[in-house]
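Participant: Here's the letter readout for the chains.
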Amino acid sequence: MLRGAAVRAALLRAVRGAPGRAGLGRAVPRAEEEEEEEEERQRGGRVPLYPGHIPTTPLQKALLAAGSACAALWDPYRHDMVAVLGETTGCLALPKLRDRMRNDPEGYRILQERPRIRLSTLDMARLGGLPDGTLGREYIRFLEDNKVSPDTRMPAKFVDDEELAYVIQRYREVHDLMHTLLGMPTNMLGELPRSVLPTDPSDGFWPIGIPDPRPREVHGEVSSIPVPAPLSSVICEVVVKWFEAVQTGLPMCVLGAAFGPVRLNARKLQVLATELLPWAVRSGRNASCVLNVYYEQRWEQSVESLREEIGIFPPPAVCV
Amino acid sequence: MAPTCKRRVSGKALANGSVGVIYQVFENVAEKYDVMNDSMSLGIHRVWKDILVHKMNPSPGTLLVDVAGGTGDIAFRFLNYVRSVRERQLQQKLRHHQNLSWQEISKSYQEEKSNPLGDSQVVVCDINKEMLKAGKKRAQHLGYSEGLSWVLGNAEELPFDDDKFDVYTIAFGIRNVTRIDLALQEAYRVLKPGGRFLCLEFSHVSNPLLSRLYDLYSFQVIPVLGEVIAGDWKSYQYLVESIRRFPPQEELKAMIEDAGFLKVDYQNLNSGIVAIHSGFKL
Numbered sequence: 001m002l003r004g005a006a007v008r009a010a011l012l013r014a015v016r017g018a019p020g021r022a023g024l025g026r027a028v029p030r031a032e033e034e035e036e037e038e039e040e041r042q043r044g045g046r047v048p049l050y051p052g053h054i055p056t057t058p059l060q061k062a063l064l065a066a067g068s069a070c071a072a073l074w075d076p077y078r079h080d081m082v083a084v085l086g087e088t089t090g091c092l093a094l095p096k097l098r099d100r101m102r103n104d105p106e107g108y109r110i111l112q113e114r115p116r117i118r119l120s121t122l123d124m125a126r127l128g129g130l131p132d133g134t135l136g137r138e139y140i141r142f143l144e145d146n147k148v149s150p151d152t153r154m155p156a157k158f159v160d161d162e163e164l165a166y167v168i169q170r171y172r173e174v175h176d177l178m179h180t181l182l183g184m185p186t187n188m189l190g191e192l193p194r195s196v197l198p199t200d201p202s203d204g205f206w207p208i209g210i211p212d213p214r215p216r217e218v219h220g221e222v223s224s225i226p227v228p229a230p231l232s233s234v235i236c237e238v239v240v241k242w243f244e245a246v247q248t249g250l251p252m253c254v255l256g257a258a259f260g261p262v263r264l265n266a267r268k269l270q271v272l273a274t275e276l277l278p279w280a281v282r283s284g285r286n287a288s289c290v291l292n293v294y295y296e297q298r299w300e301q302s303v304e305s306l307r308e309e310i311g312i313f314p315p316p317a318v319c320v
Numbered sequence: 001m002a003p004t005c006k007r008r009v010s011g012k013a014l015a016n017g018s019v020g021v022i023y024q025v026f027e028n029v030a031e032k033y034d035v036m037n038d039s040m041s042l043g044i045h046r047v048w049k050d051i052l053v054h055k056m057n058p059s060p061g062t063l064l065v066d067v068a069g070g071t072g073d074i075a076f077r078f079l080n081y082v083r084s085v086r087e088r089q090l091q092q093k094l095r096h097h098q099n100l101s102w103q104e105i106s107k108s109y110q111e112e113k114s115n116p117l118g119d120s121q122v123v124v125c126d127i128n129k130e131m132l133k134a135g136k137k138r139a140q141h142l143g144y145s146e147g148l149s150w151v152l153g154n155a156e157e158l159p160f161d162d163d164k165f166d167v168y169t170i171a172f173g174i175r176n177v178t179r180i181d182l183a184l185q186e187a188y189r190v191l192k193p194g195g196r197f198l199c200l201e202f203s204h205v206s207n208p209l210l211s212r213l214y215d216l217y218s219f220q221v222i223p224v225l226g227e228v229i230a231g232d233w234k235s236y237q238y239l240v241e242s243i244r245r246f247p248p249q250e251e252l253k254a255m256i257e258d259a260g261f262l263k264v265d266y267q268n269l270n271s272g273i274v275a276i277h278s279g280f281k282l
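Chain order of the listed sequences is R and Z.
Read in the UniProt record's numbering, the first sequence has 254 at position 254, and its numbers run on one by one without any break.
Read in the UniProt record's numbering, the second sequence has 151 at position 151, and its numbers run on one by one without any break.
For the record, the hints were derived by calculation from the structure and aren't laboratory data.
Each hint should be verified, as a subset may be incorrect.
Simulated crosslink set (SDA-like; lysine to any residue; CA at most 25 Å straight-line) [what the hints assert, rightly or not]:
no. : chain 1 : residue 1 : chain 2 : residue 2
1   : Z       : Lys253    : Z       : Lys137
2   : Z       : Lys137    : R       : Asp75
3   : Z       : Lys93     : R       : Thr152
4   : R       : Lys61     : Z       : Ser101
5   : Z       : Lys55     : Z       : Leu42
6   : R       : Lys61     : Z       : Lys137
7   : R       : Lys96     : R       : Met154
8   : Z       : Lys107    : Z       : Asn128
9   : Z       : Lys32     : R       : Pro55
10  : Z       : Lys136    : Z       : Gln24
11  : R       : Lys61     : Z       : Asn37
12  : Z       : Lys136    : Z       : Leu117
13  : Z       : Lys32     : R       : Lys96
14  : R       : Lys61     : Z       : Lys55
15  : Z       : Lys32     : R       : Pro155
Here are the simulated distance ranges between beta carbons [said to hold, decoys possible]:
no. : chain 1 : residue 1 : chain 2 : residue 2 : range
16  : R       : Asn265    : Z       : Leu216    : 42 to 50 Å
17  : R       : Lys96     : Z       : Arg245    : 38 to 46 Å
18  : Z       : Leu269    : R       : Asp75     : 45 to 53 Å
19  : R       : Leu59     : Z       : Ser211    : 15 to 23 Å
20  : Z       : Gly43     : R       : Glu309    : 55 to 63 Å
21  : Z       : Leu213    : R       : Ala66     : 48 to 56 Å
22  : Z       : Glu157    : R       : Arg102    : 53 to 61 Å
23  : R       : Glu275    : Z       : Tyr217    : 46 to 54 Å
24  : Z       : Pro247    : R       : Glu144    : 40 to 48 Å
None of the values given here were measured: they were computed from a predicted structure.
In this text, a Cβ means the ideal position worked out from N, Cα and C, and glycines have one as well.
Looking at chain R on its own, in the form it has when it is part of the complex (with noise of 0.2 Å):
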């Protein structure tokens, strides 16, 4: 990298020519020309790639790494933090993604499409019109429980290469339809899908697209099947980065899983590691790449059907 900065800098040389000499450009002054180069190579040598971008030298990012890891685990809440995480500690599993992408057809055309999932370019009243258990549907539902928008996700900053970001871009930005179709939502309490869950709102949730088995109150009999108690978002969050770092490989998801679950109880910490980890573990190495599906063109598909078409296994019902 220092090395194209040098490179650079000796064509400008040879392009100005040296003061006094009938270069191709103008004469520069040989101190401002210096100067830039110091200021150039102090910022890491390289110039930003894309709107937002912000050259590193590798120490920096190390720090950053460092750095954000520590700021993440003090405070949950920096979620732009993880998102330095991520895009530092990326540098190999990146690559290894967009490769996975660009060998897959729907995947390529991802790649040269550039589809962003923004309020913008999503037509939220369609959206919310598709029958229930659809993709489209099911996902706005999503957004609208947790009160999360698509548009909080941050830009990439320091990935030093165009594409690379753009890839880490559509895996952020795919995220919340991971949770919709691990069937994980974050919010227990907002308003639960109607079309798969019992009309008694006492029972809790069910995990979207399975059918309930349990018997719904007869003559004022109620079942004496154990309901299953609402997820807790910590857990949910914990399945979808499990089954992320299995999917993906980024270091930000493998950490993220390994100690997501660091502040859980015993009882969750249980259901969590012989049900829900297990599924989601097993799920992500059955499944085909989720970044290779161009969910913009899918909105109509019914979950279901999509999970099938992936390959990962309907979620277990739990008990907590």
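Given chain R, put chain Z in place with the hints provided.
Facilitator: This is chain Z only, laid out in the frame that chain R set:
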């Protein structure tokens, strides 16, 4: 803490250093200003500011204007210093008058309670509302109420009359002023004859080894700290670059002399990482 929505400042605009852009930079950094100062300088900035106030050696009754005083670091130190000097004065007075009646002694206690600062006052002036707000909050939190005023103003055009203040300080602020000569002229104008000008600012390190280590730390570590702690790489990149562009010790000394100050001198702290320039209006 969720990252607040901050206006992004473009690198090119920062390099040109216009007033509006610098305003935005400090608007972004106001909340985390003190935390960042501590982490970037590893807490040493507190020692630098202590040394500045000790060099000032204010006596009770001094009227200080602290320009670009933002979050009030110098102002609070000034008030503490003056308060302790005043206490010592009153104690001295008591000790010298051994034959006071009880009434006179209790009157002097009341005097101490009613006028702990001895009529000293500090006016904190800053161009940025967010920094002043942060400073006021800090003052409340730390319990400073008397002798403190907060004024919104531009160092190049101070909203004060001529010949008003005994001491003028500007700590880590003159670097951000677009026209340093104007700020120095204003400083000369608002000081009383006999008044003192004090400037605490980053300066040039002449020792080559230290200079390289300092550069390495500045350019590699400080923007990273800015990103991790304040979520703002670009503002701290600007900070480091503005330090490099600032005139070195002798040049600043010449500029201060040009504004009319006499007996101008400077003191290097930490081999020139920071320098205190001092001048008198005589």
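Participant: Looking at the structure, which of the earlier hints fail to hold?
Facilitator: Hint check: 1, 3, 4, 6, 8, 13, 14, 18, 21, 24 fail, others pass.
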